[in-house]
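Visitor: Read off the chains here:
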Amino acid sequence: MIDIVLLTLLVVIAIAIIRMKDLFAAVMLAGIYGLLSASFFVAMDAVDVAFTEAAVGAGISTLLMLVVITMTGSKEKPTRHKPFSALFVVIITGGLLIYGTLDMPYFGSADAPIHNHTSPRYIKDSMQEIGIPNIVTSVLASYRAFDTFGEVVVIFTAGIGVLTLLSVARSKENDDKIEAINDSMHQQHLVIRIISKMLIPFIFLFALYVQFHGDFGPGGGFQAGVIFASAIILYTMLFGLSTARKVINQTFVQIIAALGVLLYGSVGIVSLMNGGNFLDYNVLSSNPITGQHLGILLIEWGVGCTVASVMVVIFFNFAGRRAFQQHKKKLQDKESSAC
Amino acid sequence: MLIGLFNDWIVVVLMMIGLYIVIAHGNLIKKLIGLTIFQTSVFIFYISMANVDGGTAPILADGINQYSNPLPHVLILTAIVVGIATTALGLSLVVRIKESYNSIEEEEIQQQDNDEQLSMNKAEENP
Numbered sequence: 083m084i085d086i087v088l089l090t091l092l093v094v095i096a097i098a099i100i101r102m103k104d105l106f107a108a109v110m111l112a113g114i115y116g117l118l119s120a121s122f123f124v125a126m127d128a129v130d131v132a133f134t135e136a137a138v139g140a141g142i143s144t145l146l147m148l149v150v151i152t153m154t155g156s157k158e159k160p161t162r163h164k165p166f167s168a169l170f171v172v173i174i175t176g177g178l179l180i181y182g183t184l185d186m187p188y189f190g191s192a193d194a195p196i197h198n199h200t201s202p203r204y205i206k207d208s209m210q211e212i213g214i215p216n217i218v219t220s221v222l223a224s225y226r227a228f229d230t231f232g233e234v235v236v237i238f239t240a241g242i243g244v245l246t247l248l249s250v251a252r253s254k255e256n257d258d259k260i261e262a263i264n265d266s267m268h269q270q271h272l273v274i275r276i277i278s279k280m281l282i283p284f285i286f287l288f289a290l291y292v293q294f295h296g297d298f299g300p301g302g303g304f305q306a307g308v309i310f311a312s313a314i315i316l317y318t319m320l321f322g323l324s325t326a327r328k329v330i331n332q333t334f335v336q337i338i339a340a341l342g343v344l345l346y347g348s349v350g351i352v353s354l355m356n357g358g359n360f361l362d363y364n365v366l367s368s369n370p371i372t373g374q375h376l377g378i379l380l381i382e383w384g385v386g387c388t389v390a391s392v393m394v395v396i397f398f399n400f401a402g403r404r405a406f407q408q409h410k411k412k413l414q415d416k417e418s419s420a421c
Numbered sequence: 038m039l040i041g042l043f044n045d046w047i048v049v050v051l052m053m054i055g056l057y058i059v060i061a062h063g064n065l066i067k068k069l070i071g072l073t074i075f076q077t078s079v080f081i082f083y084i085s086m087a088n089v090d091g092g093t094a095p096i097l098a099d100g101i102n103q104y105s106n107p108l109p110h111v112l113i114l115t116a117i118v119v120g121i122a123t124t125a126l127g128l129s130l131v132v133r134i135k136e137s138y139n140s141i142e143e144e145e146i147q148q149q150d151n152d153e154q155l156s157m158n159k160a161e162e163n164p
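Protein chains in written order, with the working numbering: chain V, 83 to 421; chain W, 38 to 164.
Worth flagging that the hints you see were computed from the coordinates, not collected in a lab.
Remember, predicted model here, so these are calculated numbers, not experimental data.
Please note that the accuracy of each hint is not assured.
With a cut-off of at most 20 Å between alpha-carbon atoms, the simulated EDC-like pairs for lysine to aspartate or glutamate come out as follows [to be verified]:
| id | chain 1 | residue 1 | chain 2 | residue 2 |
| --- | --- | --- | --- | --- |
| 1 | W | Lys-135 | V | Asp-185 |
| 2 | W | Lys-68 | W | Glu-142 |
| 3 | W | Lys-68 | W | Glu-143 |
| 4 | V | Lys-206 | W | Asp-90 |
| 5 | V | Lys-157 | W | Glu-136 |
Computed Cβ-Cβ distance ranges for the label pairs, DEER-style [unchecked claim]:
| id | chain 1 | residue 1 | chain 2 | residue 2 | range |
| --- | --- | --- | --- | --- | --- |
| 6 | V | Phe-298 | W | Ile-134 | 34 to 40 Å |
| 7 | W | Ala-98 | V | Phe-166 | 53 to 59 Å |
| 8 | W | Ala-98 | V | Gly-155 | 48 to 54 Å |
Facing chain V, according to a computed beta carbon distance under 8 Å, are these residues of chain W, among others [what the hints assert, rightly or not]:
| id | residue |
| --- | --- |
| 9 | Ala-61 |
| 10 | Ser-129 |
| 11 | Lys-159 |
No residue lacks a Cβ here, since even glycine has one placed at the ideal position from N, Cα and C.
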């Protein structure tokens, strides 16, 4: 029952997003949308997915969009042309898709085709073959490890893309000036700063728990990486980018991102060397189950490192671009006033 | 038993709302939000399919016989993180577009491109 309520709320919010002209409100609604869909995933027993969606959809993605609208302005201009053609396309496509759903198996039916291939084996045999209770982690990190490797590489590539588009060459002089702005700002947020300072170690600890407990409960490298990054992002937001860059060297973070992918790939190469297939962990140790445990631990660690560092790099570059734009604007203002 | 397809219909509605935002709105950030809605509707589709009546979260424990299907969970879990990475890439493109065009409205950007093309054509005609 609760899933029907949640789904209806999702539609209401999506319609509200269409009508919202203020981008700030639209972004906040998108955050609520993410949180609601995470709740829906919990209701659907997809705890790992809900975990990720709560951290990503409601957390990081809202944050990134907020940073961007501070740079681009938060008002949407009304479009001049009438949206009838778009409405027409959407209604036709939607009607066809609804027609298509009539052949779908009913929600929750156990004899749907999706439940009768591949997955029964995961559910029945994964305890003997992999030896960890969380089936999602078994499938993610062992049965479909090659697939996950591809995804980690995609995340890494996206990080490189953001770096290419937004990175700014920094000079020492710029940093000092930015710092001066930050200090004045922070005296206004004393309570938040002190509370967050106390919270951040616990967020790190929680991230590590999620990382290493992923075999037994919901969690794993993807979720842990995002939570780890969110602690660093929280610090950056409250203490300013230049302070955060002094604490966490960006070049170091970039190297960690690459090392995570390298670690993942190396596990595959080592299992090749030991006579198995690529990412076949059985050969990593004399006991296949121990080999599986070791392999999953290592590749989850690689995933966690890459995801966390890519998220940090992405946020640093967005925030850095913003500081750079403000700095440039200030210089221009100075020049124009001098004239 | 029409309620059995309710989830699928909601997915279609959400997907179409996302598509509508992408087509009808000129603001690039709004378009990206629309794309996120579209993307989430696919996640909801997969996760709804994975659900089994009387099932529980796919974490093996004693005394439980019916689990939800773990495979769609795995696919969507990684898709969410890949989704945020690609959204970030899209947002960084928006930032660069704002820097070069000083606007993130599709119409204004196209207008500027057209003007530039016209002036270039004129310069070619009268060297």
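Visitor: Hints first: check each against the structure and report whether it holds.
Guide: Quick rundown of the hints versus the structure:
Between the alpha carbons of W/Lys-135 and V/Asp-185 the distance comes to roughly 45 Å, so the proposed pair goes past 20 Å and is violated. Of the pairs offered as hints, the one joining W/Lys-68 and W/Glu-142 holds, with about 10 Å between alpha carbons and a cut-off of 20 Å not exceeded. With a CA separation close to 10 Å, the supplied pair W/Lys-68 and W/Glu-143 stays within the 20 Å bound. Taking the CA atoms of V/Lys-206 and W/Asp-90, the gap is about 18 Å. The hint holds against a cut of 20 Å.
Distance check on the hinted pair: V/Lys-157 and W/Glu-136 sit about 17 Å apart at the alpha-carbon level, within 20 Å; holds. For V/Phe-298 paired with W/Ile-134, a C-beta distance near 46 Å fails the hint of 34 to 40 Å. In this structure the hint that W/Ala-98 and V/Phe-166 lie 53 to 59 Å apart at CB holds, the actual value being about 54 Å. A C-beta distance of roughly 52 Å is found between W/Ala-98 and V/Gly-155, which places it inside the suggested range of 48 to 54 Å.
A least Cβ separation of about 4 Å between W/Ala-61 and chain V falls short of the 8 Å threshold, and the interface hint therefore holds. Against a cut-off of 8 Å between C-beta atoms, the interface hint on W/Ser-129 holds, since the closest Cβ of chain V lies about 4 Å away. Taking 8 Å as the C-beta cut-off, the interface hint given for W/Lys-159 is violated, the closest approach to chain V being about 26 Å.
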